[in-house]
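Student: Going line by line, the protein sequences match chains V and S. Residue numbering for the first sequence follows the working numbering, beginning at 6 and increasing consecutively. Residue numbering for the second sequence follows the working numbering, beginning at 6 and increasing consecutively.
A few of these clues could be false.
Unchecked claim - Label-pair ranges, simulated between beta-carbon atoms:
1. S:GLY135 - V:PRO83: 34 to 42 Å
2. S:THR13 - V:ASN92: 52 to 60 Å
3. S:ASP155 - V:ASP136: 45 to 53 Å
4. S:ALA153 - V:ALA45: 55 to 63 Å
5. V:PRO112 - S:GLY60: 47 to 55 Å
6. V:LYS169 - S:SER85: 26 to 34 Å
7. V:ALA58 - S:PRO83: 52 to 60 Å
8. S:GLN132 - V:SER86: 28 to 36 Å
9. S:THR53 - V:PRO83: 51 to 59 Å
10. S:ALA156 - V:PRO83: 40 to 48 Å
Just so you know, the hints here were simulated from the structure itself, not pulled from any lab data. Values in this document were obtained by computation on a predicted structure and should not be read as measured data. No residue lacks a Cβ here, since even glycine has one placed at the ideal position from N, Cα and C.
Number of protein chains: 2
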Amino acid sequence: MAATKVGTICVIGGTGNLGAALAKRWAVAGHNVLIGSREASKAEEKATQLNAAHGTNIQGHDNVSVAEHADLIVLAVPFSSQASILNEIKAAVQGKIVVDTTVPLKPPKVMRVQLPEEGSAAVIAQQLLGDDVRVVSSFHNVAAHKLATDAEIQCDALVFGDDKDARQLVVNLANDAGLRGLHAGVLGNSAAAEAMTSILIFMNRHYAVDGAGIQITGTLDISCHDA
Amino acid sequence: MAATKVGTICVIGGTGNLGAALAKRWAVAGHNVLIGSREASKAEEKATQLNAAHGTNIQGHDNVSVAEHADLIVLAVPFSSQASILNEIKAAVQGKIVVDTTVPLKPPKVMRVQLPEEGSAAVIAQQLLGDDVRVVSSFHNVAAHKLATDAEIQCDALVFGDDKDARQLVVNLANDAGLRGLHAGVLGNSAAAEAMTSILIFMNRHYAVDGAGIQITGTLDISCHDA
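Only chain V is shown next, with the shape it has when bound in the complex (with noise of 0.2 Å):
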């Protein structure tokens, strides 16, 4: 069983790049995990192959039926759909954690920091979702490719949230997945994660690297505050 309590977990997006290798990892890890997608065939089918993979049982339906039967949900989807998914979840996710991964690319120029209006696009999912959802934000910064794998992942998962419990949940379920989950602060904080998605895209061209990531340096004292 997993280290980290969390009920049953959704990944909305979840037969994306970043969604299924989240949903792979958890499940591995022995959490409860649904994928969504608009489509639950997809989501089925996806799921279906990830168990063949992986010796997994997760399940997949529509992005709807599974953010109403889970107790935390993921949000894996591209900054151009993430309105309106989260419109769609809205009255399912109340009262729940949302983990919001979104990244406020704008393509074609993706090597571009281009910060949204309103700071963040966690910050546009809090607004977006009202105040009765704990949105934290984090996954920002880690290669899909990388972490579909089975490898050790040389990236620490920056985890912003308003709500410290909440924030806490994350940054150990970004430990199951393999990663070094860090608190780094307020919700708004995701700003500088999201920020920095563009400038590893851009140290992937220029200097030929296979799935950039950061590290935090510093001996970080993490048994003080990490439960």
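Add chain S to chain V, keeping to what the hints say.
Tutor: What follows is chain S alone, placed relative to chain V:
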């Protein structure tokens, strides 16, 4: 002699922690370095101190004088002073390279990302100085007290700028200062590193770190791109 040929470097705000540490490291590396302050006497005093401690030949004078005599001007002042000091030296830096290190911190909430409306402090500098100045930004994430030592520093210097030659020069200068300088894209991308500083200040407090930094992970093929 230093590997990078940049002519004379001046550090505006060279009596401050970051400015003095950069000036010291570059002088030790063999560069010709001036430090500026609002009061010439303070700059002279700081230069004398640094020279006595490190066997360097740094000279100090008022901000405008050093900017006039330098080929490359480094700005290392608090955000609250950025605009006024840039206006003071504006005439003296036309046609030159200005390296802005400004982080848009708004005390007392320095653990919160509070990017300016313009997007970044670096973009403010470019708008203020005009198109005949090549603005590059860097050194946002390095702990000044670590830079003040002779020790190796585990922190990358992300370097932003629209002019690639000027950016390359600053990548080299970061290397000369004992950091790993990395091209990080256009000047507007500076928002990512400027925002990250608030995250690092948060980490320092939350995890009891003595000067957290960042490193880009992944295998970077630096030889292809850095002369």
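Student: Taking the hints in turn, state whether each one holds.
Tutor: Outcome of the hint check:
{"no.": "1", "hint": "S:GLY135 - V:PRO83: 34 to 42 Å", "verdict": "holds (37 Å)"}
{"no.": "2", "hint": "S:THR13 - V:ASN92: 52 to 60 Å", "verdict": "holds (58 Å)"}
{"no.": "3", "hint": "S:ASP155 - V:ASP136: 45 to 53 Å", "verdict": "holds (51 Å)"}
{"no.": "4", "hint": "S:ALA153 - V:ALA45: 55 to 63 Å", "verdict": "holds (60 Å)"}
{"no.": "5", "hint": "V:PRO112 - S:GLY60: 47 to 55 Å", "verdict": "holds (53 Å)"}
{"no.": "6", "hint": "V:LYS169 - S:SER85: 26 to 34 Å", "verdict": "holds (30 Å)"}
{"no.": "7", "hint": "V:ALA58 - S:PRO83: 52 to 60 Å", "verdict": "holds (54 Å)"}
{"no.": "8", "hint": "S:GLN132 - V:SER86: 28 to 36 Å", "verdict": "holds (34 Å)"}
{"no.": "9", "hint": "S:THR53 - V:PRO83: 51 to 59 Å", "verdict": "holds (57 Å)"}
{"no.": "10", "hint": "S:ALA156 - V:PRO83: 40 to 48 Å", "verdict": "holds (43 Å)"}
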